[in-house]
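Colleague: Below, each chain spelled out in residue letters.
2 protein chains.
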Amino acid sequence: MSSPRQLNLNAFIYPGGHHEAAWRHPDSQPGRIYDVAYYQEIGRTAEAAKLDAVFFADGPALRTNVEHNAGSGLEPITLLTAIATATTHLGLIATASTTYYEPYNLARLFSTLDHISGGRAGWNIVTTGTDLAAANFGLAEHPSHAERYARAREFVDAVVALWDSWEDDAIVLDQAAGIYADPDKIHPIDFVGEYLKVRGPFNAPRTPQGYPVLVQAGASNDGRAFAGKYAEAIFTAHQRLEDAQAFYSDIKAKARQFGRDADHIKILPGISPFIADTEAGAKKLEREFNELTVPEYGLKQLEGIAGKSLRHLALDEPVPVELFSDAGDVTDNARSRLQVVAGIVQRERPTVRGLLHRLAGARGHRVFAGTPEQVADTIEEWFRSGAADGFNIMPPYYPGGLEVFAETVVPILQQRGLFRTEYTGTTLRDHFGLPRPESQFARRPALAQ
Amino acid sequence: MSSPRQLNLNAFIYPGGHHEAAWRHPDSQPGRIYDVAYYQEIGRTAEAAKLDAVFFADGPALRTNVEHNAGSGLEPITLLTAIATATTHLGLIATASTTYYEPYNLARLFSTLDHISGGRAGWNIVTTGTDLAAANFGLAEHPSHAERYARAREFVDAVVALWDSWEDDAIVLDQAAGIYADPDKIHPIDFVGEYLKVRGPFNAPRTPQGYPVLVQAGASNDGRAFAGKYAEAIFTAHQRLEDAQAFYSDIKAKARQFGRDADHIKILPGISPFIADTEAGAKKLEREFNELTVPEYGLKQLEGIAGKSLRHLALDEPVPVELFSDAGDVTDNARSRLQVVAGIVQRERPTVRGLLHRLAGARGHRVFAGTPEQVADTIEEWFRSGAADGFNIMPPYYPGGLEVFAETVVPILQQRGLFRTEYTGTTLRDHFGLPRPESQFARRPALAQ
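One line per chain: the protein sequences are W and S, in this order. First residue of the first sequence: 1, per our numbering; consecutive thereafter. First residue of the second sequence: 1, per our numbering; consecutive thereafter.
Isolated chain W, as found in the complex (with noise of 0.2 Å):
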């Protein structure tokens, strides 16, 4: 009898909590993020609610509207690492740049966190969206859509190829007849592509998950396509569980029509909820928040994803639909950002400052604001219904907002069954369900008669 399919958690920090205005609130610790025990203590709340992982998105270059935003800027793979050492079986995902990093240096950072946490590491890869970071690399402009996603499928193919280039046994350990490794098991990789050339071979031995668990989250035609090759797990926007319902087809699809089992591909959406004993209380909850945004600051970051002038609007008058009508010059990233926008507008014709409230809870996510049993029940119908394998949870506030959730949530999903009550396994691959990948360069013998 095979168990039944179970929930995948993940819990997405970000430094004062989701809430743009999280920082403001009192229930928030925004003195504290730059204090590693801060997060080594989101990381022991996360693992004590037995959940999969917990995950940091990340840039290199400094967010915009510094003025109104608390965020952390810290490095996400170093800063995983403290939390690995406060934890024993929590995964660790971190987001980095393909097209910011060099693929031998991310591969030995990766690689070194996946040592350390004794296989608990993933990787989410992105291309990075904010044009801002060119500058800070040389760059005169950022690289296109269509060349940034062409140099990430060469840089995760190298990267991989280096993780697999010690093959498992490489390392002999021979002290009586002096040898440490087999040089016949540890490969150059001479990958030559059209942005990338590494020759290898790495320069450490195979990670204990084979190599860290790949995960995506662009929601861009190149970026489903990019998933469907390469993620084993997906972060996705999505406010309505039909669009949710789509996307979930449509990337499980993909990954058959590359010859993949659709079950290694995790795909979790996001959900920032507000939780309450009631649910009036946890609209009030919503409400307190939404109170704190700056919107100016807001209205900024609309500026961003409309890709032009906003301030001639006023707070409190309905958002001109037309606004968001039109997706001609923007790239594929800020499109898939602009389509979200449009649908709440067409769909809830809100008044600017609603519509700046609505983008407050979490950057596009679903802001869901309800009962213990409300955000359970919400979490099981989308999981049953095709829409999800799990979620990625993003607390509004840190570290309440988690702590909410691991008492009040975790323990109604688990009595329906949906959700581990003690890990299973030790590695984010066994929590995830995934297969340890072999080695590429592994000797196959012979077929046996």
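It is possible that some hints are incorrect.
[As the list claims (entries may be wrong)] Quick list of simulated restraints, FRET-style, between CB atoms:
id, chain 1, residue 1, chain 2, residue 2, range
1, S, 424, W, 307, 53 to 61 Å
2, W, 27, S, 424, 38 to 46 Å
3, W, 31, S, 433, 26 to 34 Å
[What the hints assert, rightly or not] Straight-line Cα separation of at most 30 Å, DSS-like style, residue types lysine-lysine; simulated pairs:
id, chain 1, residue 1, chain 2, residue 2
4, W, 50, W, 229
5, W, 197, W, 185
6, S, 229, S, 50
7, W, 308, S, 197
8, W, 283, W, 50
9, W, 229, W, 254
10, W, 185, W, 254
11, W, 197, W, 254
12, W, 50, W, 252
13, S, 185, S, 197
14, S, 229, S, 254
15, W, 308, S, 185
16, W, 197, S, 197
17, W, 300, S, 185
18, S, 308, W, 197
19, W, 300, W, 284
20, W, 185, S, 229
21, S, 197, W, 185
22, S, 284, S, 300
23, W, 197, S, 300
24, W, 300, S, 284
25, S, 252, S, 50
26, S, 229, S, 252
27, W, 252, W, 229
28, W, 283, W, 300
29, S, 284, S, 197
30, S, 197, S, 229
Everything labelled a hint here was simulated from the structure, so no lab data went into it. The beta carbon of each residue, even a glycine, is placed where N, CA and C say it ideally should be.
Take the given structure of chain W and dock chain S to it, following the hints.
Modeller: The following block gives chain S in isolation, referenced to the frame of chain W:
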């Protein structure tokens, strides 16, 4: 009354130990070199002895002759983060390459280590000596020594500017007013060099130390000039007191030429001590290690230094002196190692096997076999005679070689008043007696009348 001048002692961590055959010796633990607990234990040993710091060498390529050579290849900043969480005062110094990193990425890794550790990070700035790295980064060949140093100067200027780009009081954290940071105190750096362009600003605030301690180890002319300008600590290799004295005077003079306080550049020669209760016992221990070397491995390494084939040499014949007198077509880096070898050959006229044993100890660094008292004596002699501000301790084997140094030599140095018995500060700058640098962007108020 000022306290007497104090030694600075740094433990140079090398996976199985600094002796090339350490991994074959029963007192080493080569099976643990991918286990983070091994490094955390070494860190705790160093901290219990009140050492200033631990240090990792590094290069982005697989070491040569891996068949007989146990190195880890783990990425050192990540590894030091794990050591940071297991210690409270110990300094943490990682090597990283200015040739094969991007300034923005590397600035973030070290900044995060400094934040996580509460101000204990140091960066050993290297241009990468091995030409094996080039092919891992898509380059047809390793850039020339001069070109690497030219890029290194730009790289350090850019990285320090990034670290300085948030003034110390840039974070306002006024929750009531909704002001997180003061944008007037966060500066683009607009760095434009011949090799590098970096706009900035950085995406995280200044660190507890202002920025990590800048360490350097190049012995070439370019390396020394670079050290005089930038280095706050120097790792160096000398076999003889007079050579170390000449180097010490030269570097301190160069620092003064750059208008710097010569006390703010700590010179730390390497010493690899074999320690036993009697001198005879220590020399016997050294012989035990030397007898475990694999001559085929040592010869290959020596060929790399000599830049020519040495296969024809008989192990028990004297080294032909003329073999190491011609430093014609080698790079400056190789030449400095070649000079060390040539010096040994000319002074000691060893057999080939004898030379291989001399070099097996610590790759050209000074090996010393003696009692704890004798080790303390030589440390004191060099310290008091203008050859060293302290030492880079390179235990022949780990972890035992550090433990015996910590348990037997450190107490003698403490009794002599040469070394701290308690930490008197919390940061690596505190331990080294270095000031916390002011941000280059800090507004200076108008001078008071």
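Colleague: For each hint, tell me whether it holds in the structure or not.
Modeller: Each hint tested on the structure:
no., hint, result
1, S:424 - W:307: 53 to 61 Å, "holds (56 Å)"
2, W:27 - S:424: 38 to 46 Å, "holds (39 Å)"
3, W:31 - S:433: 26 to 34 Å, "holds (31 Å)"
4, W:50 - W:229, "holds (29 Å)"
5, W:197 - W:185, "holds (22 Å)"
6, S:229 - S:50, "holds (29 Å)"
7, W:308 - S:197, "holds (29 Å)"
8, W:283 - W:50, "holds (27 Å)"
9, W:229 - W:254, "holds (7 Å)"
10, W:185 - W:254, "violated (34 Å)"
11, W:197 - W:254, "holds (28 Å)"
12, W:50 - W:252, "holds (26 Å)"
13, S:185 - S:197, "holds (22 Å)"
14, S:229 - S:254, "holds (7 Å)"
15, W:308 - S:185, "holds (28 Å)"
16, W:197 - S:197, "holds (23 Å)"
17, W:300 - S:185, "holds (20 Å)"
18, S:308 - W:197, "holds (29 Å)"
19, W:300 - W:284, "holds (26 Å)"
20, W:185 - S:229, "violated (45 Å)"
21, S:197 - W:185, "violated (40 Å)"
22, S:284 - S:300, "holds (26 Å)"
23, W:197 - S:300, "holds (28 Å)"
24, W:300 - S:284, "violated (73 Å)"
25, S:252 - S:50, "holds (26 Å)"
26, S:229 - S:252, "holds (10 Å)"
27, W:252 - W:229, "holds (10 Å)"
28, W:283 - W:300, "holds (26 Å)"
29, S:284 - S:197, "violated (55 Å)"
30, S:197 - S:229, "holds (21 Å)"
This entry does not satisfy hints 10, 20, 21, 24, 29, going by the numbered hints stated previously.
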